[in-house]
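Enquirer: Residue numbers (the numbering used here), protein chains in the order written: chain A, 1 to 286; chain B, 1001 to 1286.
Check the hints yourself; a few may be wrong.
Claimed, not checked - With a cut-off of at most 30 Å between alpha-carbon atoms, the simulated DSSO-like pairs for lysine-lysine come out as follows:
#, chain 1, residue 1, chain 2, residue 2
1, B, K1259, A, K13
2, A, K66, B, K1034
3, B, K1144, B, K1173
To be verified - Now the stretches of chain A that chain B is said to cover, found in silico as 3 or more residues with beta-carbon under 8 Å:
#, segment
4, 8-15
5, 34-46
If you're looking for bench data, these hints aren't it; they were derived computationally from the structure. Backbone N, C-alpha and C fix where the C-beta goes; we use that ideal spot for every residue, glycine too.
Number of protein chains: 2
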Amino acid sequence: MKMHLDCPSCFIKQAVRTGRLLECSNTRLWQMVKGCGQVLANVNEDWSPPQNAVALYEMIARVTGKDDPFYNLKKESTRQALELYPELKERISRCSDRLEAAIRYAACGNVIDYGISSDFNILDEIDKALTTRFSLWEYSLFKKRLRQADWILYLGDNCGETVFDRLLIEELKVPVTYVVRGGPIINDVTMEDAVDAGLDKVAKLVSSGCKAPGTILEWCSDEFRALYESAPIIISKGQGNFETLSHEEREIFFIFKIKCDVVARFLDHPLNTMVFGRSPRYPNRN
Amino acid sequence: MKMHLDCPSCFIKQAVRTGRLLECSNTRLWQMVKGCGQVLANVNEDWSPPQNAVALYEMIARVTGKDDPFYNLKKESTRQALELYPELKERISRCSDRLEAAIRYAACGNVIDYGISSDFNILDEIDKALTTRFSLWEYSLFKKRLRQADWILYLGDNCGETVFDRLLIEELKVPVTYVVRGGPIINDVTMEDAVDAGLDKVAKLVSSGCKAPGTILEWCSDEFRALYESAPIIISKGQGNFETLSHEEREIFFIFKIKCDVVARFLDHPLNTMVFGRSPRYPNRN
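Here chain A stands alone, though its shape is the one from the complex:
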């Protein structure tokens, strides 16, 4: 997906929201607004939003003077999600179709951004996930592909959500290679965060080589690109990975919650609905 004309104002809102989350002073917040102005003055409208967002989050790191401003928030998100792990594991084990339940839970995990707020009862949300109607649900096709696959490439997204990914991986019954970001960006999963979530116990961990809140193939390592091309199945978590891979010609099963109007219009699905399936731009729909 290319940048949409609605994205730039959202960049500014994100910068301010992020600064507030990081408890920046008013002076710092205005520095971020001005820095964001500079980023937008040089925006590349042919790039995807996450590709342009790299400069945005580099600016935020510069203004805050921290390479990984979300470090503590990420640790806390993972810790909170790990506390839920035994209960979630138990709930999945009680479902007649454990794989379906785990996919639904993994989509629900994508709701987690910047930790679980106190007014947000994740267990209630998760119960709803079991019956929620997904606006895209290509489960039969996925099961067909799964029967033929000897391994799966799984593209990670945010911290906290990682624990839900682990639950899904445990139901896949096929070796999984789990992909983390090439470096800290927002609250996205890095190698350290994946280990924190216990993903090293259930998957082989690799870095995409790309420090962006998405998977920008031309910025990824050769090692990752080789995996990407050879993988029998790819599962991709989160909107950022969708925005950067929506026009790819290879089959990818995206799992995410539609969090903005631009993506909702692109998919022609309602905002805030869950998606499990391929991009509408994927050409080979057999």
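Starting from the structure of chain A, add chain B where the hints point.
Expert: Showing chain B alone in chain A's frame:
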């Protein structure tokens, strides 16, 4: 009012909306986004939003290659409002308190931005204005001041709305000096636009000397400032004039519709309500 951290994203939305209104190509719209980025990179957070918006609309004029990009839209707004004039005049004449009705209509005129859209029945809106509860309504005080005043300074706002100002001026029964912007900015009233609306028949017309979508005293002419200081009553139309004069120590009767959350929070009034009265920051409330 100073810039709020919510204003910068709104600047971008305004630039894009304005560009679309002016039927700019996609390439031009992205030029505007980048230009807006440059404006925000140099934003002055101690200034009011209209003060910072001057650079925004100068950029839009530069990108469109037009000194007065809204020229045709302004002409059309005025023409449409003039068509309503006889009917509005008649409706006011039927009211038992004609002055009150004219103030309510003048506030309603502030709803007009960029002409009267086809799906917006202004006459229906106007009927509602006669019974709408204003979130601020200092009518008794205004009438008291009016009895003692030998002239009134009236700060204009947008084209189209000007015709509603004319109807109010005709009910004031006191000489009025009507203030226009120092040059074309957005769809704000200039000298030519005021004459188009027939305001020269009911008031003395003067320029503020300031080409901004508000009244920035330090950028106004000495002539205007002398009028501002000596006027027995000031009526100020529109949110832009409010944003630039909200902290003034002299009494001003503002008439406008609250069109954004930042101003709604500042006033502690609901969004989209109408206001007639003094700023909450006006110190001398006798």
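Enquirer: Are any of the numbered hints broken by this structure? If so, which, sorted upward?
Expert: none
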